[in-house]
Each structure stands twice: as structure tokens, then as C-alpha cells.
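Chemist: What follows is the residue order along each chain.
There are 4 protein chains.
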Amino acid sequence: MRGCAGILKIPMSAHSKPVISESRIRVRYAETDQMGVVYHSNHFIWFEVGRVDLLRQLGFTYKQMEKDDQLFIPLVDARCRYKAPALYDDELIVRTHVRNFREKLIVFGYELVRTTDNLLLAEGETTHVITGSDLKPRTLPEKYIEALAGAAGRPHASGIK
Amino acid sequence: MRGCAGILKIPMSAHSKPVISESRIRVRYAETDQMGVVYHSNHFIWFEVGRVDLLRQLGFTYKQMEKDDQLFIPLVDARCRYKAPALYDDELIVRTHVRNFREKLIVFGYELVRTTDNLLLAEGETTHVITGSDLKPRTLPEKYIEALAGAAGRPHASGIK
Amino acid sequence: MRGCAGILKIPMSAHSKPVISESRIRVRYAETDQMGVVYHSNHFIWFEVGRVDLLRQLGFTYKQMEKDDQLFIPLVDARCRYKAPALYDDELIVRTHVRNFREKLIVFGYELVRTTDNLLLAEGETTHVITGSDLKPRTLPEKYIEALAGAAGRPHASGIK
Amino acid sequence: MRGCAGILKIPMSAHSKPVISESRIRVRYAETDQMGVVYHSNHFIWFEVGRVDLLRQLGFTYKQMEKDDQLFIPLVDARCRYKAPALYDDELIVRTHVRNFREKLIVFGYELVRTTDNLLLAEGETTHVITGSDLKPRTLPEKYIEALAGAAGRPHASGIK
Numbered sequence: 001m002r003g004c005a006g007i008l009k010i011p012m013s014a015h016s017k018p019v020i021s022e023s024r025i026r027v028r029y030a031e032t033d034q035m036g037v038v039y040h041s042n043h044f045i046w047f048e049v050g051r052v053d054l055l056r057q058l059g060f061t062y063k064q065m066e067k068d069d070q071l072f073i074p075l076v077d078a079r080c081r082y083k084a085p086a087l088y089d090d091e092l093i094v095r096t097h098v099r100n101f102r103e104k105l106i107v108f109g110y111e112l113v114r115t116t117d118n119l120l121l122a123e124g125e126t127t128h129v130i131t132g133s134d135l136k137p138r139t140l141p142e143k144y145i146e147a148l149a150g151a152a153g154r155p156h157a158s159g160i161k
Numbered sequence: 001m002r003g004c005a006g007i008l009k010i011p012m013s014a015h016s017k018p019v020i021s022e023s024r025i026r027v028r029y030a031e032t033d034q035m036g037v038v039y040h041s042n043h044f045i046w047f048e049v050g051r052v053d054l055l056r057q058l059g060f061t062y063k064q065m066e067k068d069d070q071l072f073i074p075l076v077d078a079r080c081r082y083k084a085p086a087l088y089d090d091e092l093i094v095r096t097h098v099r100n101f102r103e104k105l106i107v108f109g110y111e112l113v114r115t116t117d118n119l120l121l122a123e124g125e126t127t128h129v130i131t132g133s134d135l136k137p138r139t140l141p142e143k144y145i146e147a148l149a150g151a152a153g154r155p156h157a158s159g160i161k
Numbered sequence: 001m002r003g004c005a006g007i008l009k010i011p012m013s014a015h016s017k018p019v020i021s022e023s024r025i026r027v028r029y030a031e032t033d034q035m036g037v038v039y040h041s042n043h044f045i046w047f048e049v050g051r052v053d054l055l056r057q058l059g060f061t062y063k064q065m066e067k068d069d070q071l072f073i074p075l076v077d078a079r080c081r082y083k084a085p086a087l088y089d090d091e092l093i094v095r096t097h098v099r100n101f102r103e104k105l106i107v108f109g110y111e112l113v114r115t116t117d118n119l120l121l122a123e124g125e126t127t128h129v130i131t132g133s134d135l136k137p138r139t140l141p142e143k144y145i146e147a148l149a150g151a152a153g154r155p156h157a158s159g160i161k
Numbered sequence: 001m002r003g004c005a006g007i008l009k010i011p012m013s014a015h016s017k018p019v020i021s022e023s024r025i026r027v028r029y030a031e032t033d034q035m036g037v038v039y040h041s042n043h044f045i046w047f048e049v050g051r052v053d054l055l056r057q058l059g060f061t062y063k064q065m066e067k068d069d070q071l072f073i074p075l076v077d078a079r080c081r082y083k084a085p086a087l088y089d090d091e092l093i094v095r096t097h098v099r100n101f102r103e104k105l106i107v108f109g110y111e112l113v114r115t116t117d118n119l120l121l122a123e124g125e126t127t128h129v130i131t132g133s134d135l136k137p138r139t140l141p142e143k144y145i146e147a148l149a150g151a152a153g154r155p156h157a158s159g160i161k
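As you go down the protein sequences, you meet chains A, B, C and D in turn.
Counting in this note's numbering, the first sequence runs from 1 upward without gaps.
Counting in this note's numbering, the second sequence runs from 1 upward without gaps.
Counting in this note's numbering, the third sequence runs from 1 upward without gaps.
Counting in this note's numbering, the fourth sequence runs from 1 upward without gaps.
By construction, these hints were calculated from the structure, which means they are not laboratory data.
Every clue listed holds true.
Which copy is meant is left open, because identical chains are indistinguishable; a pair holds if it fits in one copy or across any two.
Quick list of in silico lysine-lysine cross-link-like pairs, DSSO-like style, CA-CA up to 27 Å:
(1) Lys83 <-> Lys104
(2) Lys104 <-> Lys63
(3) Lys63 <-> Lys143
(4) Lys104 <-> Lys67
(5) Lys83 <-> Lys136
(6) Lys83 <-> Lys67
(7) Lys83 <-> Lys63
(8) Lys136 <-> Lys67
(9) Lys143 <-> Lys17
(10) Lys63 <-> Lys136
(11) Lys67 <-> Lys143
(12) Lys136 <-> Lys104
(13) Lys143 <-> Lys104
A quick note: this is a predicted structure, and the numbers were derived from the prediction, not measured.
Isolated chain A, as found in the complex:
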């Protein structure tokens, strides 16, 4: 992987098992609209819940990333494909994984599933750049690179650009 400038697709058959976090969501009334289903922008907030839980599972919190390391991960791209509506009071699971990453960029992938019948309600991904509090680009410190490499199921994080 040394010297690779482009983004790396993480093969699902990688050396170690990729980490997939699971976050439970109960649909709030506030999240529904008059169509009787969840309004579509809420899925992106649930993806945030998933993303933060995945980071927590990797041993660090986004809160501390901001506080201790002055690291921010603003979005540059967000996408969601809606398969079936989420309904009021549904119990959902957000499954989150690291889809790709480089030292200046992370891509998270998400699946939104209804717990009662395991139906896939939506799929999405968000692309984030690494910045300081001034929103200027920064390089992800080594400890995060290691953790993300583990999460992505990569044997080594060396040589990632």
C-alpha cells in the first residue's frame, strides 16, 4: 500500500475482521412528518450516532478528539438510499463501519435495520475530512490511524496516504 495516493477500498476478506458497531435508535415522534414516516434528514443524524459509537468501540470518543487533540471531522459528502420507511416508535439498529480512510479523510458506511424483522431500511455513507478547530486540513495522528486500520480489517496501517 506504500505510496498509494488514492483512496483505498477495504476488502471485506481482509486479514482481520472489520469492526461493525451497532447502535440502537428508537424513533421519536419529532422525527416523523405528516406523511406518517420519518423525515429523511433524520437518517443522517442517526448515522452520526452510529459513527460516534463506532469510534467509542475503537477506544476513543469524538468528544475527546475535539477536546484533547483539537481534531474535527466535518463532512464533505453525505448520501443515503432509502429502501423502506422508518416508522414512529420503531426500534432500529445503525450498523456502522469504516469503509475507507486515508490520513486526511475517512469514509463511514451505514446500514439502518429494523430490529423486529431485520429489514434493511436505508444504506448510507459519509465522507469526512480531518481538520483542526479552524476547519483547516490536518493529518490524522498515528493512534487514530492504527485504530481505523484495525476497524477496517487492514493488517497494517503503514504507508497510508
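Take the given structure of chain A and dock chains B, C and D to it, following the hints.
Modeler: Relative to the frame of chain A, chains B, C and D by itself:
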């Protein structure tokens, strides 16, 4: 009013006419819920729109208050009485006025009215303390006191505590 | 209590113990604002989470109230007093109880507490009327009256108007 | 175009000029997060504002589509590319156009621009299916097809599948 320590009810028959700002709101689909009406927490966001427009009408912006003077006005109390539901795509007006103020506290009052028939949909008020960016109490600078006194229809702002 | 037309304050020293539900909330990034704290309208959404959990604890769900009995509980009044800011990633508990009720009206009371130090962040209450799907007033069916009377710590629900 | 089953890319050099609506947005404090910029899910709500204004400009309102024709346009795909942060109190314009459509599907495209310097803050698109109130697929009535064809700058709407 000199030496008055308590909060001052502004008489509506005061010496000058109180300022009432009017902000137009178009109800968004995102703001409705599956009851087919606007979800109640959105009214407090519309009150924010009204409050900021009132300040703008008084000659300063809340944005500049934060940036230039490091002044913040976090809420300590918020209330809304709902008279009739706001519906999707309704055109509404938020009428905002300064109900009370002291040098460390401001109370705004709001009326939410539907434009088509002038029906009162909701009334509310929010109480704010004046703080710095550290959320510690501060005293409102003189220029704001003067503007708020004018907005409240008071002849003089002197002696306000 | 027979024949009482006004709203009934539930004495906390009532015959049976009032039910207080506890709902866990993890503050989402989406709920913060640029002051670095949770934006105030979100507290009302958290109160909704608390209210629904209290109903669930009493043996019925708000979802089924709407579906099976065509019962809705729109708000006529909402209030929150903010004591201390809620911060990103905080773990909070919403404690909800039935403060008052009649056959056409319910008042819920809320406390928002930070789990790490049990600090009270906010207190609130919401008043709801009972309606059909047409938002016209209805009378709460007996099974709900009984459950709410139990929740409120009242010995009997008889004679409530 | 007769017999074309796939989705139709609307050439920008089409026979008539495509309609691009412009919606003004003032950034609300509620829409910011503790990064000091607008939280990313709000862009999708602004796109809704743009979409509804475009329909209004074409001579019908989404509200009436739902009420009179029992037509709904739930999303199946939503995407946003973020170029620069939107800030509190910014005045923005959402430019909306019909990117593609068939009789069972509409794709809207959006540009989010800051008014002060015309800077492009974000681009997005949303894909909608046409359904009844039961969220089952329906075919777009002729009057909407005609209006959308005009909006897309197509000479004729005939033969669209």
C-alpha cells in the same frame, strides 16, 4: 424606576411606542409530524427567528453581539401556549417584543399568527441571561441597554438593575 | 375528589407511590449549537422521549393509543426552566411523572439530570389535551384513566372530571 | 425520446430554457452545531424548501398535490456535497431545478450559494418516487408531467416512461 432591583414590567402605555418586529415563516415539511401538524418544539426555533429579527431592527445583530462583544444570551426559561395547530406550508408571522429587561436579563414575548386569517396560533416567552463565551454572567453594555429601553417603550434606561 | 371540576394537584404523599420513569439520552452532535451547548428546543424532544417511556411503563404505548384508539395528545402548553447546559455526548436521564390529569387533559412533569454527577440540568412540564385524529376534544377511556391514576399515586380515579 | 425506458438526462442546451427557482434562507442558530457551522443534515431541509418553491413556481403547490391528488413524493435517494461551511445568520440561496424525471420518478438538483459573495457552499440531488398516501407507486398525472417537462427545458413530454 431608579434603584429598582426587581424585574420591570413594561407598561404598554409607556412614553414611546414599544417596538414589535414581524418575521415571516413558511412552515417546512420537516417541521410537521405524523399528527399532520407542526411538532411543538419548532415554535421555539421560530421564536429565535423573531428574536434575532427584533435585534436586527434595533440596529445590531446577534451574530455581531457574539463576535464583537463576546456576548451570549442563553435561555433560562422558555414557554409556549399552543392555541391552534400550524400546518404545512402555512405562512406565519412571529411578532416579537421586549417584555422585560434588566442589565443581566432579557425577556422576549412572542405571538405566532397565521397570515391568511390573522389567527393567533401560539404565544410564548423566553428569558435569557447575559453571559460571556464562558457562559458566566455579564452585564449588558450601555448601547444594548439603550436600544432595549427604546424597544420596550421606556423613556429612559437609567437606573435599571 | 368527586365532583371536582378543576385540575388536581397530585400530592406526593399520596396513598400509592407515584410512578417516575427514567429514560436515558445521549446528547447528539446535531443537538448542539455554536454556543457549544445543546440548543434549547431539543429539551422538549427529550421530554417526549420521557413521556412515551412513562406510558410504556404503564403498560401501553403512545403508538397503539393512536392506532388502536384513535387517541392523540397534542400539547397546549410547554415550559422548560434551564438550570445548567447539557453538553455534547453527555449521558442524561429524563425523569417523567404524571403531575396532574383529568379525563380531557394530562400534565406531565420532567426533570433532566446528568448521570455522571446527578446534576439537575432542566425542569419542565407539558400540558396535553385528549383528542381524536381530527384534533377535536375527546374523553380519555377508562383504561388510561386507571393507569394514569396509578401513575399519579392516587388511590382511585373515580369522580375525576 | 419515444420508448425510452431509462432515466433521461436533461441537456442544458434543450429547446426551452430550464426553470431554476431561487429560495432565500437565513441560517438559524438552531441549525448550527458546536463546530460553529451548520450541521450537515439541515442542508436536506433547505433542499426541501427549494423543491417546494420550484413546484410553486411551476404553478402548483406540494400541499395541494397531497390534498387534492393524494400524491406524495417520498425520497429514495439523497446526496449532498459540502464545499464550504454555512455560518450562522448567513443569507443563502437554494437554486433548484428538475434534473430528470419519468412518470414514476423525479430527480431534483440543488445548489446552495451564499448571497454576499456568490460562493457555492453545497450541491445536492434528491430522487423521489411518486406514490399515493399508502406510499404505493403511482404515475404522475399529465398536468404535472407537462409542468416538469417545461421546467426541465424539454420541448415535449410525450413518450416519457
